[in-house]
Structures are given as structure tokens and as C-alpha cells.
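J.: As a plain string of letters, each chain reads:
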Amino acid sequence: MNFFTIFGRYIILMGRVFSKPEKTKIYLKQTIREMEILGLNSVGIVIIISIFIGAVITLQTRYNLESSWIPLYLIGLTARDTLLLEFSSTMVGLILAGKVGSNIASEIGTMRITEQIDALEMMGINSASYLILPKIVATMLFNPFLTLISMVVGLIGGWLAAVTTGALSSTDYIYGIQYLFIPFYITYALVKTVVYAFIITSVSAFYGYYVQGGALEVGRASTRGVVYSSILILLADLVLTQLMLA
Amino acid sequence: MIKVENLVKSFNNVTVLDDISVNFEKGKTNLIIGRSGSGKTVLMKCIVGLYDADGGSVFFDNRNFLEMDFTDRKNLRREMGMLFQGSALFDSLNVEENVMFPLNMFTRMTLEEKRERTNFCLKRVNLENVNKLFPGELSGGMKKRVAIARAIVQNPKYLFCDEPNSGLDPKTALVIDDLISEITHEYTITTVINTHDMNSVMEIGEKVIFIHEGNKGWEGTREDIFDSDDYHLNDFIFASNFAKKLKLLTNKQNS
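Listed in order, the protein sequences are those of chains H and U. What the first sequence shows, in the working numbering, is residues 916 to 1161, in sequence order. What the second sequence shows, in the working numbering, is residues 75 to 329, in sequence order.
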């Protein structure tokens, strides 16, 4: 299938996803359930990765600052800006593309090959909307919290690394993370996160929804979902950065 | 009644259904039989719109299903129930939730009323005290029965069963056949069953349609199926040695 066919099918699917739900109450219940599965269950991995990355950024910056003319508090500033501008949104987005994206593609793909999606259609339910819309809404609402958690935990990780290794003092680090703080960076990161959440969920769901065949194809769809959503995240990162920061 | 007219379907330029016309009668078990790959499942999926037919018409009591838009199709499908080959129960829901699912989606019944209806349907398919079990904890026969209960929970006018006996032992298969037949007559449903099981044909086949390589090869009742002189039908029916011997024995007795 060429690009235009795939893109056309994706648009048609999204058209069905965003049509009027059969029963709003059921969809809301599903959305909360998806928030738990796709969002809450990702908090652990986000915390672990963020704490280590925050620590590593701090140590690497300290290692590269050899000149005594550069004040040490700039290490805190570097860690903060790296986390706020790129890591907590884009890197976490890429990690979630792997975790959440593969989960969505394989779940929907398995439902397709075991005829569960056909069963939904036969009941008169818009299967695309029922299966995909709650996931999209859940991740778009929950992922900004993951980003905020990542920012806070990453900064704590940097502080822990700074203090425990003696790379710089707690005072320098805390002064650095407050120095020349631009609140808009948080808005920028959250906007990116919401866009990434839509990309991860819709692209992975698209590949899962149109699976044909058996377990092997479900695996392939899962891989495709992760790969293409990751590429689109990087593309969106570029576009949004140009639009919001340039 | 379901009326199929000149139905055509191809995949990648290979014709799978070639100009099929057939009527499925109300209150009867209508069986579509044929070899694996003959086009039975494609025919059924085209009738219910899970595959888009390339041409032809399907009338559900004079309503042309293939000309309907997405919303009208959705509404008509609420009058249908379908039993899938692999049961297609929702893995994340238990038996009760599976059966109750269409009621949750389309009715304003209270939880008590929904429970009552669900238990009634489960009892109707001879399943009790399994409400809290998940599909992974059920046997093949039990899954089929839960799927039947789910298919009839909204009192469908049309019931479609795709290979209801696949993967079941002969005795359980008989139970499922009887159940489908009883439900068909009890609620006067238009039932369409895909099968290649000759036991089913002889047990419940009130109307039988034989599909051969995408064409309608023969149509009749189970009573006259053995008298047919259709080569492909005979080849299909008497494929097993047991059936061949049975026919020889019957011929000897007759002569």
C-alpha cells in the first residue's frame, strides 16, 4: 500500500473514531479504565527513567564544564532546560510509544483476528469509536501529568546525583534550576505531550485495527505502530518547536 | 426473511462469490454447506456487511442492507445476532458482562433487569453458575453457549452462525445444533448457519444451500439431499468412507 492509501484509511478511521458515541456513560467508563491501563501503569517506568536521566544529565554537564569561569549553577539550569524542553516531553513520548503503542496495537490487533471487532460491529456498535476514542482521550488527558511527573522527578534525580557525588552543591543546583526560569517552557512541553499522545494512540490503533492474518501479523502491526508513531513524534517535535519557540 | 440477489465478491481479482441468489426463510434453520474455501464464510460476511460485496443486493424483510449508510446499517444490525467460529467473546469481560454487553450499550434497563435477562439467556443455553468466569476459563462448548446467549439477549430477528460446531466433539456439537434449532423455532428467527458438518445438515437443516467454488450448486431440504444428482454435492456429502458405506448399504437395502 502506498502512502496515500494508508493516509486515506487513517483519515477514514479517525472519522469513524470521532463520530457520536452510542452511549456516553459507557465511553466515559472506558476512558477512566484506559487512563488506568495506559496512564497510571506508565507512572513507574516514567519515574525510573526520569530519575536516572536527570542524574546523568547533571553528571555529564559537570564533566564537560572544565572552565572555572563558568559558574556551577549553570549545571542546574542545563538539567532543568533539557528536561523541560526535550526529555520530559519527547523522550518520554518515545518511551511511551514503545510501551503504550505496542500495547494498543497488539490488543486491538488480537481483537481483530479473533473476530471480537466483528462481534462489536454485528451488535451495531461503532467498533472504531468504542475501542479507540477512549484510549485517545485517556492518553491526551493523562500524559501531561506523566510529563509533569517526569520533570519533577528528573530534577530530583539531578539533585541527588549532584549532592551524592559532590559534583556541585545543593545550593548551586537549586539556584541553577530557578535561574532565568521561563514558565512558557512548561506550556510548550505540555502542548507537545498532548500531540504525542494523539499520535501514539491513533497510529498504533490504526495498525492494530487493520490487521489481517494471525499472530505474526499482530506482532508486525505492533512493531509498525511503534516505529511510525516514533517517527511522527520526532516530526511533530520539529514542527511544534519551530511554531512555538522560533 | 432474507433475500440475497446476484451477490458478487472478489478478492484481488479472484472471484469468490459469483452471482449468488438465495432466500433464507423466517423461522427456519437455513444451512449453507460446502467445502472449506468454497465461499460460505464470505457469503455470510457479505450478507451481514462485514465484507463489502462488489455487486448484488441483500434484503432483510424488504430493506436493502447493502444500500444503507453506516448509521442505518448499525441500526439494522441491532436486529441481528451472530455466533462466530471462535465464539469472539470479549476476553476482558466475564460471562455475565459479555452477555450483558449489548444491553448496556442499547437499553435503558436497570442493572437488576439486565441481570435478570442475562440469567434467563444463560439458563436458556443451559449455563448456570458461570457468571463470574472469564472466557479463558471456559471449555469450547461453554464458550459457544455463552456466545449464543449473547447473540439472543436482544431478541434478534436474524441469527447468523459461522461454523457453530467447529472444534467441538460430536456430542457437544449436537447440543449446540439442538440449541440453535430450538431457539430459531421458539422465537421465529431467520437463522443462517454455515457448516460443513453433515450431522448438522441431517439434524437441523430445514433448508440447505450448497456452495461450490463461489457458485450456488444446489438448494433443497435435508430430506432430498441424498436424492440429488448434483455431482459436486454428492462428492461433498459422500467424501467420508463412512458415508460411502452408508450409501452402499442403503442402496443394497433398497434394491
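FYI, nobody ran anything at the bench for these hints, they're computed from the structure. Mixed in with the good hints, there may be bad ones.
Derived lysine-lysine pairs resembling DSS-like cross-links, with alpha carbons at most 30 angstroms apart [said to hold, decoys possible]:
#1 Lys188/U with Lys938/H
#2 Lys188/U with Lys944/H
#3 Lys100/U with Lys935/H
#4 Lys935/H with Lys188/U
#5 Lys245/U with Lys940/H
#6 Lys938/H with Lys245/U
#7 Lys326/U with Lys119/U
#8 Lys281/U with Lys940/H
J.: Decide, hint by hint, whether the structure agrees.
T.: Structure-based check of all given hints:
1. Lys188/U with Lys938/H: Roughly 16 angstroms separates the two Cα atoms, so the pair holds.
2. Lys188/U with Lys944/H: Distance ~18 angstroms between lysine 188/U and lysine 944/H Cα, so the pair holds.
3. Lys100/U with Lys935/H: 34 angstroms, violated
4. Lys935/H with Lys188/U: 24 angstroms, holds
5. Lys245/U with Lys940/H: Distance ~43 angstroms between lysine 245/U and lysine 940/H Cα, so the pair is violated.
6. Lys938/H with Lys245/U: 41 angstroms, violated
7. Lys326/U with Lys119/U: Status violated; Cα separation ~42 angstroms.
8. Lys281/U with Lys940/H: 43 angstroms, violated
Violated hints, in rising order: 3, 5, 6, 7, 8; the structure is consistent with all others.
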